[in-house]
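*Asks:* Sequence:
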Amino acid sequence: MFKLYIDYFKSKLKNLRKPKEEIPIDYEEIVEEQWQADFSKPENCRFAAETGDGYTATFTPPEPAGNNTGGLTLEAQRKHLYAWTVNPVFRYKDVIIEADIRLPEPAKKPDGQDTPTDKAGGFAAGILFRYISQSTFYALMISDAGWVRLDAVVNSTPMPLLGWVKIPGSAHSDIDHHDSDHHSSDHPDSDHSYHKGATDTQGAYSIKLIANNTTITILINGHWVACCEDDTIQAAGKIAFAIQNWETYPQVIAQLSRFSLNSIPMTVETAYTEANEFSVVPPDARISLAKTLYAMGRYVPALLQLRAAARLKEPEEADRILAGRIYFAQRMLDEAEQEFQSVLETNHSNEEAFAELGGIYYRAERYEDLQRLLQKAPKPMMTQSSFLSNLEGHLFHALGKHEEAAEAYRRAFTISPDQGLFAFHQANELYDCGKKPDAVDAYVQAARAFLQQEAYDDLAEVITILERIAPDDPRTLSIAGKYAYAVGRYDDALLKLKTACKKGSKDSADWYLYGLLLKTEDPKEAVKAFKKACTLEPEYGLYQFRLAEALFLSNGKYQPVLEQALAADPQNGWVHNLRALAALSENDIEQAEAAVAEARRLLPDEVSLLVNYLEVQRRKGQLAKCLPLFDIENGTADLAVERNRAAAFHALANAFADDDAREEAQQWYYKALKLDPKNPELLTDKAENDYALFLLNEADDGLVKALDIQPSVRIYQLIASISVQKGDYARAEVTLRAGLESFAESPDLHYDLACVYRNTKRFEQAQAQIVQLKRYETSERVDALEQALLKDTGTTAQAATNKEETSTAEPAASAKKKKAASATDTKSTASTKSAVSKKRTAATEPTAEPKAEQKPKKTALAKKTSRASKSAADVEEPVISAKTKKGASAKSAAGKEGADATEPATGTKAKKAASAKSAADTKAPTRAKSAVSKKRTAATEPAAEEKADIKTEKAAVKKPRTKKTTG
Numbered sequence: 001m002f003k004l005y006i007d008y009f010k011s012k013l014k015n016l017r018k019p020k021e022e023i024p025i026d027y028e029e030i031v032e033e034q035w036q037a038d039f040s041k042p043e044n045c046r047f048a049a050e051t052g053d054g055y056t057a058t059f060t061p062p063e064p065a066g067n068n069t070g071g072l073t074l075e076a077q078r079k080h081l082y083a084w085t086v087n088p089v090f091r092y093k094d095v096i097i098e099a100d101i102r103l104p105e106p107a108k109k110p111d112g113q114d115t116p117t118d119k120a121g122g123f124a125a126g127i128l129f130r131y132i133s134q135s136t137f138y139a140l141m142i143s144d145a146g147w148v149r150l151d152a153v154v155n156s157t158p159m160p161l162l163g164w165v166k167i168p169g170s171a172h173s174d175i176d177h178h179d180s181d182h183h184s185s186d187h188p189d190s191d192h193s194y195h196k197g198a199t200d201t202q203g204a205y206s207i208k209l210i211a212n213n214t215t216i217t218i219l220i221n222g223h224w225v226a227c228c229e230d231d232t233i234q235a236a237g238k239i240a241f242a243i244q245n246w247e248t249y250p251q252v253i254a255q256l257s258r259f260s261l262n263s264i265p266m267t268v269e270t271a272y273t274e275a276n277e278f279s280v281v282p283p284d285a286r287i288s289l290a291k292t293l294y295a296m297g298r299y300v301p302a303l304l305q306l307r308a309a310a311r312l313k314e315p316e317e318a319d320r321i322l323a324g325r326i327y328f329a330q331r332m333l334d335e336a337e338q339e340f341q342s343v344l345e346t347n348h349s350n351e352e353a354f355a356e357l358g359g360i361y362y363r364a365e366r367y368e369d370l371q372r373l374l375q376k377a378p379k380p381m382m383t384q385s386s387f388l389s390n391l392e393g394h395l396f397h398a399l400g401k402h403e404e405a406a407e408a409y410r411r412a413f414t415i416s417p418d419q420g421l422f423a424f425h426q427a428n429e430l431y432d433c434g435k436k437p438d439a440v441d442a443y444v445q446a447a448r449a450f451l452q453q454e455a456y457d458d459l460a461e462v463i464t465i466l467e468r469i470a471p472d473d474p475r476t477l478s479i480a481g482k483y484a485y486a487v488g489r490y491d492d493a494l495l496k497l498k499t500a501c502k503k504g505s506k507d508s509a510d511w512y513l514y515g516l517l518l519k520t521e522d523p524k525e526a527v528k529a530f531k532k533a534c535t536l537e538p539e540y541g542l543y544q545f546r547l548a549e550a551l552f553l554s555n556g557k558y559q560p561v562l563e564q565a566l567a568a569d570p571q572n573g574w575v576h577n578l579r580a581l582a583a584l585s586e587n588d589i590e591q592a593e594a595a596v597a598e599a600r601r602l603l604p605d606e607v608s609l610l611v612n613y614l615e616v617q618r619r620k621g622q623l624a625k626c627l628p629l630f631d632i633e634n635g636t637a638d639l640a641v642e643r644n645r646a647a648a649f650h651a652l653a654n655a656f657a658d659d660d661a662r663e664e665a666q667q668w669y670y671k672a673l674k675l676d677p678k679n680p681e682l683l684t685d686k687a688e689n690d691y692a693l694f695l696l697n698e699a700d701d702g703l704v705k706a707l708d709i710q711p712s713v714r715i716y717q718l719i720a721s722i723s724v725q726k727g728d729y730a731r732a733e734v735t736l737r738a739g740l741e742s743f744a745e746s747p748d749l750h751y752d753l754a755c756v757y758r759n760t761k762r763f764e765q766a767q768a769q770i771v772q773l774k775r776y777e778t779s780e781r782v783d784a785l786e787q788a789l790l791k792d793t794g795t796t797a798q799a800a801t802n803k804e805e806t807s808t809a810e811p812a813a814s815a816k817k818k819k820a821a822s823a824t825d826t827k828s829t830a831s832t833k834s835a836v837s838k839k840r841t842a843a844t845e846p847t848a849e850p851k852a853e854q855k856p857k858k859t860a861l862a863k864k865t866s867r868a869s870k871s872a873a874d875v876e877e878p879v880i881s882a883k884t885k886k887g888a889s890a891k892s893a894a895g896k897e898g899a900d901a902t903e904p905a906t907g908t909k910a911k912k913a914a915s916a917k918s919a920a921d922t923k924a925p926t927r928a929k930s931a932v933s934k935k936r937t938a939a940t941e942p943a944a945e946e947k948a949d950i951k952t953e954k955a956a957v958k959k960p961r962t963k964k965t966t967g
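Okay, so the sequence shown: first residue is 1 according to our numbering, each after it adds one.
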């Protein structure tokens, strides 16, 4: 028995000596806790220091004086970056988050310029919560200008729950918020002014966020901002500290100096109730929130906030008008009428109330009430308001008074000449009262306004009417041609514009567009058309530029015209670019450098101009000195690189490849592919570089990917070249024959296939291919191949074998791209006279027509030429660039084959029928042979004009007989 006791105690002592096993912490657990970060001890703050792509998160040590207890600093090291660092410990659903965030003014100013005044800020920082993954979370962000926004992000798509709202208590918090919902979290441009000043102490913001079930309450600096209802993300998630940098600053930082959370359910519920106590929330905060919700189209929550504010404060005129608009949007016409009537009872000259009430009467077909209302309106108000004049026209139309209606619509269009709908109504009334010539004039005015605003559906309706009532009017042909050009129906556009020009059109834009459509099919006629456009409007620099470009590409006397273009429009960067390319063609590097520098100064974000700059530096042997322009991390990157990283890296890789620096090129191809992995041209360029480095398998893999995305002659040639290099002539033959099924008229594919047949001693098939080849090309290389084949057939097989190397044993020679200083960039600068209605980029190589999918494109000779020379295809295709070997890729002008951005001036003056953005800004069709085997160049020109705001003063509603009015 005694022994048993001894054994028992021994066992106990042994167990006591064993180390206790620690229970592992499950960081994915949903916990209920109250916790505060201690930034003075990084190991106790749960966040971690880290470095990622373009951002760093570091801990800031506390200051000795004790004013700063330290914190977490998150730095965004480039523009257009959204980054965050996640607290990896535990998950939370219902939680109170309190944080102090500082947004210091960036040390690096935006190129010495002042901070923009038309944005909600230059950058933002905030808290991500219910963070499920990189693509799903809630985001509360505060901008450096004192604006706050809440988004639910699902599948990487932000859905605004609260548009940008000025934080109550900060400077200019009374600014109107109507447009706050239209700005995504990616770039919060707004109509609100941004003024730094007494906003908050040195950009410091104290956040209290209460996530309780489906509600999210936001308090900033102690001020109630919003209580949003949303059930998008109802799962528990992590918490993160985030920063977002937009366009203004190259580098920004945000500091998280205090962070605490409480996920105890009772505490969360109590905090939610206290924060949203009716008497606690100021009425001005509710009104501000109502404006934002109304702008977001969330009418019911907006109305509830207005009603709650009205219980604490007598509504002002603006509040009643907002309430009336919300009622109207909800089709609650009686309530809306009551609100507007209340405004007019106290202010008889409130134009907004007159307009809104008139819209209600017209919508309800209460014409007598509308007539009485318009009679009460002050006469100056009626003569100065296009909306009230339009309403008066609707009234007269309803009463059958067509002449009076036409006059009211005419007055409305005179006040707002950009609103084609007013001229359209006028034309309808004039036609109804038998004034056909006047009606045609009004329809033409309406068509021009619609073209300017890119309202193509309305424009098509007007053209249908004009073709019915005035089919022989030159203006009808002109407008129909511009419309066809704008929507990409180039054959139809060519037919109509040709007819209009033959009838002696006096519209310079008609001749300009006609020239653009002809320039690849009939360059001589295109030059004549451009000359006619210049004659009709000699002061318009764009026409001079296009004429100089056409002459340059056709080896004509372009210098005098180019000087005229520079004199007429010295701020057109593309004219300077043409001058640079002309200098390159003459090997005048000094002048080319000066011209391209000026072009880049005027158009700093154009990748295509950066490509031409790289070509100049390459010829100077200073390509390596351009590397700082691509150093995004250190803030020295060029603006074009910052905005178009993949395209810029692609361009630099091409430049190194042109310089035969293949290893350096390879590094930049990898960087570009990381950003744009499905760009077929980029894949093809890299594959050719792989081929040059003898990485045949890697080149093969890249070409197969590119072929799956978008087949091209060059891809087929390179695959065949690789196959020959590997000794697989059978695959080379199959590849080339497959290419000819899609590109039957490609001389390069026929040539390469003939070479394959000759090298495999199938001389009859080779001879047959040469016969086919001669249908598309007659050149020295064809004659040489034919002579070599004749010699082969007259000698022994062994002799023919020994001569393989002298007869292009593999098609690699033709697969390589031509190098030429090349065609000129076909873009033009922003111009209020431009006839372009869509922004497009142009093809950067002599490429195929827009219908390339239906008809395989023809290719030019694949022989390499000097970059300073122009190939035959360059002459045929007026495209501007210092490179025909490589393209700048995705966002550069080298984007799509056959694209040729042009900006014809179809203007709004008597001589122009279009707009700042009209038909000619779309891609010009190309019909001549194109060197598909060559890589694209990088210089083309998109239309730079800004879209005019095409919103009418009120929404339009269609009535019988195409009547459209407020809605």
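Check before you lean on any hint, since a few could be wrong.
Lysine-lysine pairs mimicking DSSO-like chemistry, simulated, CA-CA at most 27 Å apart [said to hold, decoys possible]:
no., residue 1, residue 2
1, LYS498, LYS557
2, LYS705, LYS671
3, LYS774, LYS791
4, LYS401, LYS379
5, LYS238, LYS208
What follows is a list of derived Cβ distance ranges for each label pair [what the hints assert, rightly or not]:
no., residue 1, residue 2, range
6, GLU247, GLY434, 49 to 59 Å
7, GLY297, ALA738, 46 to 56 Å
8, GLU247, ASP457, 26 to 36 Å
9, ASP334, VAL154, 30 to 40 Å
10, ASP100, ASP334, 25 to 35 Å
These are calculated hints, taken from the structure and not from any lab test. Using N, Cα and C, we set each Cβ at its ideal position, and we do this for glycine too.
*Asks:* Determine for every hint whether it applies to the structure shown.
*Replies:* Against the structure, the hints:
1. Distance hint between LYS498 and LYS557 is fulfilled; the C-alpha atoms sit about 26 Å from each other, no more than 27 Å.
2. Between LYS705 and LYS671, the direct Cα distance comes to roughly 17 Å. Compliance with the 27 Å bound is thereby established for this hinted pair.
3. Restraint check: the Cα-Cα separation between LYS774 and LYS791 comes to about 19 Å, which is no more than 27 Å; the hinted pair holds.
4. Between LYS401 and LYS379, the direct Cα distance comes to roughly 20 Å. Compliance with the 27 Å bound is thereby established for this hinted pair.
5. A threshold of 27 Å between alpha carbons decides the hint, and for LYS238 with LYS208 the separation of about 17 Å falls inside it, so the pair holds.
6. About 56 Å separates the C-beta atoms of GLU247 and GLY434, a value consistent with the hinted range of 49 to 59 Å.
7. Range check, GLY297 to ALA738: about 52 Å between beta-carbon atoms, so the 46 to 56 Å window is met.
8. For the hinted restraint 26 to 36 Å between GLU247 and ASP457, the CB-CB distance of approximately 33 Å keeps it satisfied.
9. A hinted range of 30 to 40 Å holds for the C-beta pair ASP334 and VAL154, which are about 39 Å apart.
10. Range check, ASP100 to ASP334: about 49 Å between beta-carbon atoms, so the 25 to 35 Å window is missed.
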